[in-house]
Amino acid sequence: MRLIGSTILALSLATGAMAQNECAAGRTLEEGKLTIATGNPAYYPWVMDDAPESKQGFEAAVAYAIAEELGFSDDQVVWVRSSFDQAIQPGAKNFDFNLQQFSITEEREEVVDFSAPYYSAAMAVLTRKPVVDAGATASVDALKGLIWGADANTTAVPMLNDLIQPEKDVLLYGDNADVVEAMKANQIDAALFDLPTALYLGAVVLEDGVILGQFPADRSENPDQFGLLMEEGNPLKECVDAALAALAEDGTLAAIESEWLSETTGVPVIE
Amino acid sequence: MILLVPLAPGWEAVKKSFFNAEVFARTFPGLLEAFLLDVAIFAWSAPLIFILGLLIALARDVRAPALYPLRLFGIVYTDIFRGVPVILVIYLIGFGVPGLGLPRPWNSPYIWGTVALVLTYAAYVAEVFRTGIESIHQSQRSAAASLGLSSADTMRFVILPQAVRRVVPANMNLFIALQKDVALLSFIGPVEIFRQAGVYKSLLANFTPYVGAALIFLAITIPATRYADYLLNRQLRERS
Numbered sequence: 001m002r003l004i005g006s007t008i009l010a011l012s013l014a015t016g017a018m019a020q021n022e023c024a025a026g027r028t029l030e031e032g033k034l035t036i037a038t039g040n041p042a043y044y045p046w047v048m049d050d051a052p053e054s055k056q057g058f059e060a061a062v063a064y065a066i067a068e069e070l071g072f073s074d075d076q077v078v079w080v081r082s083s084f085d086q087a088i089q090p091g092a093k094n095f096d097f098n099l100q101q102f103s104i105t106e107e108r109e110e111v112v113d114f115s116a117p118y119y120s121a122a123m124a125v126l127t128r129k130p131v132v133d134a135g136a137t138a139s140v141d142a143l144k145g146l147i148w149g150a151d152a153n154t155t156a157v158p159m160l161n162d163l164i165q166p167e168k169d170v171l172l173y174g175d176n177a178d179v180v181e182a183m184k185a186n187q188i189d190a191a192l193f194d195l196p197t198a199l200y201l202g203a204v205v206l207e208d209g210v211i212l213g214q215f216p217a218d219r220s221e222n223p224d225q226f227g228l229l230m231e232e233g234n235p236l237k238e239c240v241d242a243a244l245a246a247l248a249e250d251g252t253l254a255a256i257e258s259e260w261l262s263e264t265t266g267v268p269v270i271e
Numbered sequence: 001m002i003l004l005v006p007l008a009p010g011w012e013a014v015k016k017s018f019f020n021a022e023v024f025a026r027t028f029p030g031l032l033e034a035f036l037l038d039v040a041i042f043a044w045s046a047p048l049i050f051i052l053g054l055l056i057a058l059a060r061d062v063r064a065p066a067l068y069p070l071r072l073f074g075i076v077y078t079d080i081f082r083g084v085p086v087i088l089v090i091y092l093i094g095f096g097v098p099g100l101g102l103p104r105p106w107n108s109p110y111i112w113g114t115v116a117l118v119l120t121y122a123a124y125v126a127e128v129f130r131t132g133i134e135s136i137h138q139s140q141r142s143a144a145a146s147l148g149l150s151s152a153d154t155m156r157f158v159i160l161p162q163a164v165r166r167v168v169p170a171n172m173n174l175f176i177a178l179q180k181d182v183a184l185l186s187f188i189g190p191v192e193i194f195r196q197a198g199v200y201k202s203l204l205a206n207f208t209p210y211v212g213a214a215l216i217f218l219a220i221t222i223p224a225t226r227y228a229d230y231l232l233n234r235q236l237r238e239r240s
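In order, the protein sequence lines correspond to chains A and B. For the first sequence, counting from 1, position 245 maps to 245 in the working numbering; every step adds exactly one. For the second sequence, counting from 1, position 209 maps to 209 in the working numbering; every step adds exactly one.
Warning: the hint list may mix true and false statements.
[Claimed, not checked] Computed Cβ-Cβ distance ranges for the label pairs, DEER-style:
id, chain 1, residue 1, chain 2, residue 2, range
1, A, ASP162, B, LEU88, 31 to 41 Å
2, B, ALA152, A, ASP133, 47 to 57 Å
3, A, SER83, B, ILE222, 57 to 67 Å
4, B, LEU232, A, ASN40, 38 to 48 Å
Worth flagging that the hints you see were computed from the coordinates, not collected in a lab. Being a predicted model, the structure only gives us computed values, none of them experimental. For every residue, glycine included, the Cβ atom is placed at its ideal position computed from N, Cα and C.
Start from the sequences, fold in the hints, and give me the full structure.
So, in structure tokens, the structure goes:
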């Protein structure tokens, strides 16, 4: 392995492209390329303007930082798109890793592999001004009485039941846009999202959006941690984990987070 | 197929993702409970569809020239609602109408989702009724007229009783389709079986709940289909 690795290293040096580090060499789908998947569309602030190759946005920046750590130059990174279902379906994957705010859970871990977490998300309550005017406050008791909505594909669904235990039936939707649409139509009072997503939806998509409060990641029993999703048994996992550890160590990850997700401070905490 | 499929190299992975006994046992009770909502939506939609479909069919059959606008309405209605996919009608009506600012509970997705289903399926049912009405021979109308029945009475006492009976199997077919399309209401919020299966799928990263949901649907639709077949056969025997 070492021999092959260094041969490839030498070869790629000779051709002038950037060399993979020893770990990643020969472990990607396509030699000399790192194929990364994200959502379709990919949302702000994770990827700006649905254009991950621009390196703009938190996840785009993290992806390129990992690629660099693994020894891939920017033009060796290939982007593909995938839905959640495509990411978890059995069979060969068309990506080396997939990042679109996948929460790491024990059950999912049985079917796919996750890297070490690259972000711990607080859950936040998004609501509208009329609901706040009607007396909704950032306390679990007040939240119980609201009509709740959530994106059915997220871990917000079990969190709702754990943290808030709403009195009325929760309404679930296929994506963020539909949740917001239901909120505009006054069919639901509030919805649970990870904090950066809630901030975006509250500030940009909903005209009278209000972030009522957040459940900090460390307060919840199962904090929502985002990991890179990989095919089960992907040999690249250890390289990616090492790369993430290095990025966390030298402060790169924190710097990316403060560049793209800095507004998350200052949101009141729900008691 | 039963013998060959397990020989495929990916079978183990597929089995784990689609036919996982543990996941099945864990999610099936929840799916069954969610299915009750499907049944309820079906139960209140079906009579409304029947009534509206019949009215539209009658509107298309009016023969007095003065009532031509009514006939035109029937034609435009069926053209539009048969031509647009159900899911689009559900989205547009389910989010659009409540967005006009209706107060609660009148903006409920249950109400407007039902309206969308009823509007769409009434167009299909209307066409079925129309073929039923047109299949009754003109001579019966003439005979009724000669007995002094008004055209409304002819329709009510002579044409419709025969026409409705004649198209029962065709309508059964549509109601079986409706039974499945009820699941489309999940797109605008209600957590019925399809959505519940999706939640399980997302949390467990496993498609087995969808298989469970499919089995529950089959348990309803197969007997219904057999019943429709039986009705059709009986009708054929009676006519021959």
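Hint check results:
1. A:ASP162 <-> B:LEU88: 31 to 41 Å: holds, 36 Å
2. B:ALA152 <-> A:ASP133: 47 to 57 Å: holds, 55 Å
3. A:SER83 <-> B:ILE222: 57 to 67 Å: violated, 31 Å
4. B:LEU232 <-> A:ASN40: 38 to 48 Å: Given range 38 to 48 Å: holds, Cβ gap about 45 Å.
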